[in-house]
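Student: Residue-level listing of the chains:
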Amino acid sequence: MTSVWILCRIDGAIDRWLTAPAVAHAPQSLGIFRIIYALFYLWHLSFQRAELLSGLPRASRRLIVVAAWFPFDTPPIVFQAIESIVVACLVLLLFGWRTRVMTAAVLVAGALLESLFSVADKENGTVFLTFFIPFVMLLAGAPWGDAYALDALRLRRAASPGTAARYALPLRATLVILSALFCIAGLNKMIGSGIWLRDFTVMANFGLYHNVDGALLGLRLNPWAAWVKELPILHVPIQLSILLFETTFFLALFERRLLRLYIGLALVFQAVNGLLFVLTFTPLLIAYASFLDWESVRRGVMPRASLKVRSATMLTLLAWTIAVALAATWNLGTFTRSILSLGSVIDWRSIFWPILPLGLWLVSSAIWQIGRAISMRMCRSQITEPAAASR
Amino acid sequence: MPTARPLFLTKSALAMMLLGLAVVGRRNAFWPLVNWGMYSKKPIHYPAPTATAVRLRIVDSTGQLRLVSAHELWGVDRLPIAMQSFTGAFDAETADARAAHRGYLVHLLDNIFPAIHVKQVQGVRLTWSVEPMAVPPLILAAPERESILGTFDADAHRRRAKRRP
Numbered sequence: 001m002t003s004v005w006i007l008c009r010i011d012g013a014i015d016r017w018l019t020a021p022a023v024a025h026a027p028q029s030l031g032i033f034r035i036i037y038a039l040f041y042l043w044h045l046s047f048q049r050a051e052l053l054s055g056l057p058r059a060s061r062r063l064i065v066v067a068a069w070f071p072f073d074t075p076p077i078v079f080q081a082i083e084s085i086v087v088a089c090l091v092l093l094l095f096g097w098r099t100r101v102m103t104a105a106v107l108v109a110g111a112l113l114e115s116l117f118s119v120a121d122k123e124n125g126t127v128f129l130t131f132f133i134p135f136v137m138l139l140a141g142a143p144w145g146d147a148y149a150l151d152a153l154r155l156r157r158a159a160s161p162g163t164a165a166r167y168a169l170p171l172r173a174t175l176v177i178l179s180a181l182f183c184i185a186g187l188n189k190m191i192g193s194g195i196w197l198r199d200f201t202v203m204a205n206f207g208l209y210h211n212v213d214g215a216l217l218g219l220r221l222n223p224w225a226a227w228v229k230e231l232p233i234l235h236v237p238i239q240l241s242i243l244l245f246e247t248t249f250f251l252a253l254f255e256r257r258l259l260r261l262y263i264g265l266a267l268v269f270q271a272v273n274g275l276l277f278v279l280t281f282t283p284l285l286i287a288y289a290s291f292l293d294w295e296s297v298r299r300g301v302m303p304r305a306s307l308k309v310r311s312a313t314m315l316t317l318l319a320w321t322i323a324v325a326l327a328a329t330w331n332l333g334t335f336t337r338s339i340l341s342l343g344s345v346i347d348w349r350s351i352f353w354p355i356l357p358l359g360l361w362l363v364s365s366a367i368w369q370i371g372r373a374i375s376m377r378m379c380r381s382q383i384t385e386p387a388a389a390s391r
Numbered sequence: 392m393p394t395a396r397p398l399f400l401t402k403s404a405l406a407m408m409l410l411g412l413a414v415v416g417r418r419n420a421f422w423p424l425v426n427w428g429m430y431s432k433k434p435i436h437y438p439a440p441t442a443t444a445v446r447l448r449i450v451d452s453t454g455q456l457r458l459v460s461a462h463e464l465w466g467v468d469r470l471p472i473a474m475q476s477f478t479g480a481f482d483a484e485t486a487d488a489r490a491a492h493r494g495y496l497v498h499l500l501d502n503i504f505p506a507i508h509v510k511q512v513q514g515v516r517l518t519w520s521v522e523p524m525a526v527p528p529l530i531l532a533a534p535e536r537e538s539i540l541g542t543f544d545a546d547a548h549r550r551r552a553k554r555r556p
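Protein chains in written order, with the working numbering: chain A, 1 to 391; chain B, 392 to 556.
Zero decoy hints are in this set.
Among chain B residues calculated to face chain A with C-beta under 7 angstroms, some are: (1) Val425; (2) Arg469; (3) His492; (4) Val521; (5) Pro523.
Subject to a maximum C-alpha distance of 16 angstroms in a straight line, what follows is the list of computed EDC-like cross-link-like pairs (lysine to aspartate or glutamate): (6) B:Lys510 <-> B:Asp546; (7) B:Lys510 <-> B:Asp544; (8) B:Lys402 <-> A:Asp15; (9) B:Lys553 <-> B:Asp501; (10) B:Lys432 <-> A:Asp199; (11) B:Lys402 <-> A:Asp11; (12) B:Lys510 <-> B:Asp451; (13) A:Lys229 <-> A:Asp199; (14) B:Lys433 <-> A:Asp199; (15) A:Lys229 <-> B:Glu522; (16) B:Lys553 <-> A:Asp73.
The hints are simulated quantities; they were obtained by calculation from the structure and are not laboratory data. All values reported here derive from a predicted model rather than from experimental measurement. Where a beta carbon is used, it is the ideal one built from N, C-alpha and C, also for glycine.
Based on the provided sequences and hints, a complete structural model is requested.
Tutor: Take a look at the structure:
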């Protein structure tokens, strides 16, 4: 009886946590995040060419269970068609047209496409972009279509306070998976082979190793790699700080300011990895982006902007025109793709230049907020203690 | 409560995904349930005094020569896909496996360089001497050694691909 009561209490606590507000101005922030997600995904796809997977030699294929049935000997046009379907669905998702259906379509077609790439080369940084985010959105009924979307315009759907919990669910679920993956990554480094706790030259060698790789690829190199290697005093702090960051990421689950701190740290971590090493975990950026208050950013950048569209039909027509045009021209030369990457100006590495200061700002503002909260609590306890003593 | 169904679905899915990550996450076969085990399995040593890379030297129908790197075909983020065929086309154990890699390389070259009709492909292994503590650690334009891995006729592989059902 007691155990059932305890389980019910735990279940209730999980429910309350999962439905507690996760981001400010939830429907609007989520709506803007949907647009950013679609644009980011299109940008990511602009560097991929699925047609090149056609005829992939058997020896180069890994076993990926969900793609095991797929015949890689099919003509390139089949791969191009899958890619074009994902592109068209992303454009319609961007406009918020039938958001729930488009979320499901992006999930199915996008996950299929990425699983095919994974057969050739596993790139685990893409799991949030291609699977987890659309999946958790779909489970919650695609609430990212409630604002800044054609659906909202058509149905005149207004976010009522009663549905606020719905907006929290996908973000909370994303945070749980992100925390689990970071925690496992840290534990793998410590207890899997134990290399990171036995050999404190891993990161120092890592810098030099990636400089050789970068030189072979003709990339910009890490100027501090040799300097770090020559200063053994830095080796232990660098390695331990990475382990500490990964294994304690789950703390972001418990407090809003800690979430801000860990998202900031994650952005700095990814930016350093991307800018100084040849590490392409870039698609993971979209998972961090889901926790930002985009509506406040929008109000700061465009305070007077509002969606004043009288005709949903006209906007639907525009959405479909762009979707068909992009899907049809996606594999005709490189023009369409180069529009999205601004002629490759924004690539897997250059995107981190604005990310680094953003991460640093989030970290410093979170530390400031945490510090202020602690000092206020201390002040309050100092005030209440003498009062209690005098009573 | 209007969120009861989404809440139940999200909770159930989260429980299954977390269980999946814990049980099968280490094996990449169960994508998207994959762990991030980066750089946790093998030690990272101080770089070796030499570095090698396979490049393709292609000859087009006008007789022009061009040196092609793996990242020109698949980009840096998907580099291993091209690298497997760069080496497999010359090092694979069986003739069939070599032919499959060669056919795939011709397919890649035709797609990436549509304006060029590649006639002949030669695999070259280049070796550089490495100064790990220097920036850059090697001079890309000045490899120390070059060994030819083999040469094949691109048209023969195009014909073979056409005959394939």
